[in-house]
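Colleague: For the sequence shown, the numbering used here begins at 255 and goes up steadily by one.
Mixed in with the good hints, there may be bad ones.
With a straight-line cut-off of 27 Å between C-alpha atoms, the simulated DSS-like cross-links for lysine-lysine are [what the hints assert, rightly or not]:
hint, residue 1, residue 2
1, Lys-326, Lys-491
2, Lys-589, Lys-531
3, Lys-541, Lys-572
4, Lys-304, Lys-326
Pairwise CB distance ranges (calculated) [stated by the list, open to error]:
hint, residue 1, residue 2, range
5, Asn-538, Thr-494, 50 to 60 Å
6, Pro-621, Asn-538, 45 to 55 Å
7, Ser-677, Ala-319, 29 to 39 Å
8, Leu-334, Glu-676, 55 to 65 Å
9, Gly-271, Leu-334, 41 to 51 Å
10, Glu-547, Phe-312, 48 to 58 Å
11, Val-511, Gly-329, 46 to 56 Å
12, Glu-335, Phe-312, 17 to 27 Å
13, Arg-678, Arg-501, 18 to 28 Å
Keep in mind that the hints were calculated from the coordinates and are not lab data.
Using N, Cα and C, we set each Cβ at its ideal position, and we do this for glycine too.
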Amino acid sequence: MDRGINELFEGPTITDGTDKYLLTPSSFAEAEIGLMSKSEVRKGLEEVLKEATINPAFEAPSIRAAICLIEKRLGRSVCLEDVLERVRAHHENSSALITKQPIKQAELSGGGVWHYTIRRRGNEKKERERAVTIKLDSSGNIMQYMCQCQTFRYNTAKGNYDTISEQQQNGAALSGVAVPMLDVSGFPTFNVMVACYHVAASLIHISRTTGQYRVPFAFTNVSVLEALFMDAFGGIKEATIDDYLIRSGALTQETIVQISEGNLTLEVVKHMKNIDKRAQEIINGIKRAREREVYAFSGFATDFRGTPFQTASIILTKNDGRSVHILYDSRLRIKAPFSRPENGAELPLIMLNIPIFTWMSEGRTPPVSEMAELTGDPMVSTRGYFRGFDGRTQQEVVSIIARPDGHLLTPLERRTYEQVFESRRPKRQARQALN
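Given only the sequences and the hints, what does the whole structure look like? Please build it.
Modeller: Listed below in structure tokens is the structure:
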């Protein structure tokens, strides 16, 4: 089994103390379709179908795969009605997806609070209407949102982190002292409110009817329908759809500016299920060591997006903008050579990110102009600083990747890091080191 931290959702995130409000592009893309009229859905599908059949370079693999499946089943070329039939079938054989508007009631209560009743398009007997509450401040920024659906209620800290041990729970109960909820690696848990389909539909409606809220995403016709096909016919998880939409340019320029200015962050909701016991011990040691340097756990985010080494990291941040990313993933291939494969002895790495403006203002060396950019295997960069991009903050950074502090490791683990670093350095760099 691959080791790492499983992504559940990803998107721009508002952090308010221990509360996080995560706006997922997959929810907003689905809500965009839910708010389309029948003619708009037909027109969008017709345009995408035409492009897919005449343009060999059309980049929408899920749409192409669905078309191939339909053609194989029917034994002929696909037409618009065939695709519409598949879309309707996904929604429990109901035509409601393209015939009904989902907003049943919208009411402005005053003070920037909206109450909606949203029904998802599809079979209303299976997908009943949901009550949504949206609260915005005077500038149109989200202060709070709530929904009754499972996506919203079950994607809080209790659902997305491993449960704390009974020993921890009993110890806290016996002491009578209030302690923060911790996951198995000793990290505090956040209360994560994921913007579900119903919340997204409400926010889009507020944006379109009042202009008091600015939607953080702008989708193309291709990207919004590709996201639908990824979900409807590919069974692809939301985090993968979120990643596709982000890579497709779904974040608006205003959203990118908000992230780079620190008003938002681009984060993932994670489920820490595939971390073996030894790795957890090392990660917890990294956390304790960095806390002494005034770093604090801030959540999870994607690193190396769009490369074979893309992973979600554990993030520790400092008030001056520096951050430590704990990298733990089987695809990084850091494994003790003498351990049995079933032991799962993958080992973590540390990546320190320093904003470029901080590096330059402190007059540090080497100059940024002399640094290379990371373009391939992150392990190549374990011998020096490189120019990187912190997706969580949308800022250019100076980065360095290293192993955990030596006192956290056994002699075998220290030798493992040395051997892996040496074997994966560029040949020219290795020859220079020998001379």
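Colleague: All the hints need checking, so say for each whether the structure fits it.
Modeller: Status of each hint after checking the structure:
Pair hint Lys-326 plus Lys-491 holds up; C-alpha atoms about 25 Å apart against a cutoff of 27 Å. At most 27 Å may separate the alpha-carbon atoms for a hinted pair to count; Lys-589 and Lys-531 meet this at roughly 14 Å. Under the criterion of a C-alpha separation no larger than 27 Å, the hint pairing Lys-541 with Lys-572 is consistent with the structure, at around 13 Å. Proposed proximity of Lys-304 and Lys-326 is supported: the alpha carbons are some 18 Å apart, at most 27 Å.
Asn-538 and Thr-494 have their C-beta atoms about 29 Å apart, which leaves the hinted 50 to 60 Å range violated. Between Pro-621 and Asn-538 the beta carbons are some 36 Å apart, a value that contradicts the proposed interval 45 to 55 Å. In this structure, Ser-677 and Ala-319 meet the distance hint of 29 to 39 Å, their C-beta atoms being roughly 38 Å apart. The given range of 55 to 65 Å is respected by Leu-334 and Glu-676, whose C-beta atoms sit roughly 58 Å from each other.
In this structure the hint that Gly-271 and Leu-334 lie 41 to 51 Å apart at CB holds, the actual value being about 50 Å. Distance hint for Glu-547 and Phe-312: a CB-CB separation of about 50 Å, consistent with the stated range 48 to 58 Å. Between Val-511 and Gly-329, the C-beta spacing of about 51 Å keeps the proposed range 46 to 56 Å intact. The supplied range of 17 to 27 Å is met by Glu-335 and Phe-312, whose beta-carbon atoms lie about 21 Å from each other.
For Arg-678 and Arg-501, the Cβ-Cβ distance of about 26 Å falls inside the hinted range of 18 to 28 Å, so the restraint holds.
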